[in-house]
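Chains A and B, in that order, are what the protein sequence lines are.
Reminder that position 101 of the first sequence reads as 101 in this note's numbering, one-by-one numbering, no gaps.
Reminder that position 254 of the second sequence reads as 254 in this note's numbering, one-by-one numbering, no gaps.
In short, the hints are calculated from the structure, not lab data.
Incorrect hints may have been included.
Put simply, identical chains are the same to the list, so a pair is met inside one copy or across any two.
Below are the DSS-like pairs computed for lysine-lysine, each with C-alpha atoms no more than 25 Å apart in a straight line [what the hints assert, rightly or not]:
id	residue 1	residue 2
1	Lys206	Lys51
2	Lys175	Lys88
3	Lys51	Lys20
4	Lys180	Lys146
Protein chains: 2
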Amino acid sequence: MKKPLILVTNDDGISAPGLKALVEVASEIGELVIVAPDSPQSGQGHAITLKDPLRVHSAPTYNDRFEAYECSGTPVDCVKFARDLLLKDRTIDLCISGINHGSNASINIIYSGTMSAAMEASISGIDSIGFSLLDYSWDADFEQAKPFIRNIILQTLEHKLSGTNLLNVNIPNVKRADIKGVRICKQANAAWSEAYVEATDPRGGKYYWLTGEFNEHDSDESTDLWALKNGFISVVPSKHDLTAYEALEQLHWLNQ
Amino acid sequence: MKKPLILVTNDDGISAPGLKALVEVASEIGELVIVAPDSPQSGQGHAITLKDPLRVHSAPTYNDRFEAYECSGTPVDCVKFARDLLLKDRTIDLCISGINHGSNASINIIYSGTMSAAMEASISGIDSIGFSLLDYSWDADFEQAKPFIRNIILQTLEHKLSGTNLLNVNIPNVKRADIKGVRICKQANAAWSEAYVEATDPRGGKYYWLTGEFNEHDSDESTDLWALKNGFISVVPSKHDLTAYEALEQLHWLNQ
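Only chain A is shown next, with the shape it has when bound in the complex (with noise of 0.2 Å):
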């Protein structure tokens, strides 16, 4: 049987462990190609590079096995030049972006260069996952998630996502044998309220560093965040329809 083709990509760059972690996961699965930014990306949310050029070279990293390339623009650039360029000529079953060190559960999906970047694939209908664990550290452990990764990108290629082309699944830090399962949520409601360290420089002049406080706003248990904080991987199906349909009826008063 033909072996599914898998788009790879991520946000922290081409280097980065989690990268190696599904790519790990993945090649026991389909034929992959990894397109992933040369350098770390994170917070890039749906950016795309239109003032400079993309500079695209093949991947030391990864290129013995596969084809695998990084490249100097952002998550969604990625995507954009493998889907458009490198596979135009082929059907992609399947991208996934990730694993990212740290959640994008909650409003995280907004700012995520990963999320972004499978938002960008599930847009032109490709059904696409972005995978995180909550740990931002570089040395973070993706052992225990994996076997959860291996089922989730298998179950979707075999029955296909309906309803939605994206699913925001994030994972909580634990050993595998605490993780309590998969749970299917909704988006926590949640903000970043940020603090800026003011420092100045050799010359004088000032500049501010973001430092963010994160908000929570719902103690729903069918949240995302309710999930992680009990144990579960949370899959959140998402979409890039940002109409406010609740809202449609009630400017009225707009309409002149």
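Please build the complex by placing chain B on the supplied structure of chain A, with the hints as guidance.
Same frame as chain A, now just chain B:
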């Protein structure tokens, strides 16, 4: 009566004519604080600056009349800086972003720095509006759109938004008399596919320019693209909860 406090930003940068036009309209309505990128930031989506600090300077273009700053970061950084540092002890009554040079209708909302800036404010509960004119040129004629923008701002301040905190407003590039009115719409289903223009630098290195083609997949009369093609201003109430609720029940095969 106390004037409403209006935060003004954009993604085309502090010197953009579209920002100037928006400031002219809004300055007759409220007290303005302007924080805009110090260089063009189109296509930055919801990117934030994590690896570098921000530089923020008083903006000579506007600081004779308003509290006005130019910021080295993305549009979303501008809103975070304004909300969480400059104005942290005040209540922002409205955030307006634009006027963007070019369309942010349909899927463009995802890539747009203009809309992402407005969304960032809306995430913290601030009523927010992104304005775009369907003319990409730097010398676009914003005069025709001004009275409509004025009306939308005034009405939003009066009624307050409900069911959403975010409006995506796009304005056709026609004479005032040819604008047929305002339509509340849903986001049209469309996607970009990219052709890449390949070139070679003087040292033999290849590089690639992104060039997109816009593919519409939606002929529904309730969409923003339909409204714009038929001479209406489109207003799409939008949101940051990306949950595909319609898919929650369909993923039972993942519940394990």
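**Message:** With identical chains, the pair lysine 51 and lysine 20 could be close in the same copy or across copies; at 25 Å between alpha carbons, which is it: within, between, both, or neither?
**Reply:** Result: close only across copies, 23 Å inter versus 31 Å intra.
**Homomeric proximity label, lysine 206 with lysine 51: Cα distance no greater than 25 Å** = between (27 Å within a copy, 16 Å between copies)
**Prompt:** For lysine 175 vs lysine 88, is the C-alpha pair at or below 25 Å within one copy, between two copies, both, or neither?
**Reply:** Cα proximity of lysine 175 and lysine 88: none, with 40 Å in one copy and 41 Å across.
**Prompt:** Should lysine 180 paired with lysine 146 be assigned to within, between, both, or neither, using CA atoms and 25 Å as the limit?
**Reply:** Within one copy, since 15 Å is at most 25 Å while 56 Å is not.
Taken one by one, the earlier hints fail for this structure only at number 2.
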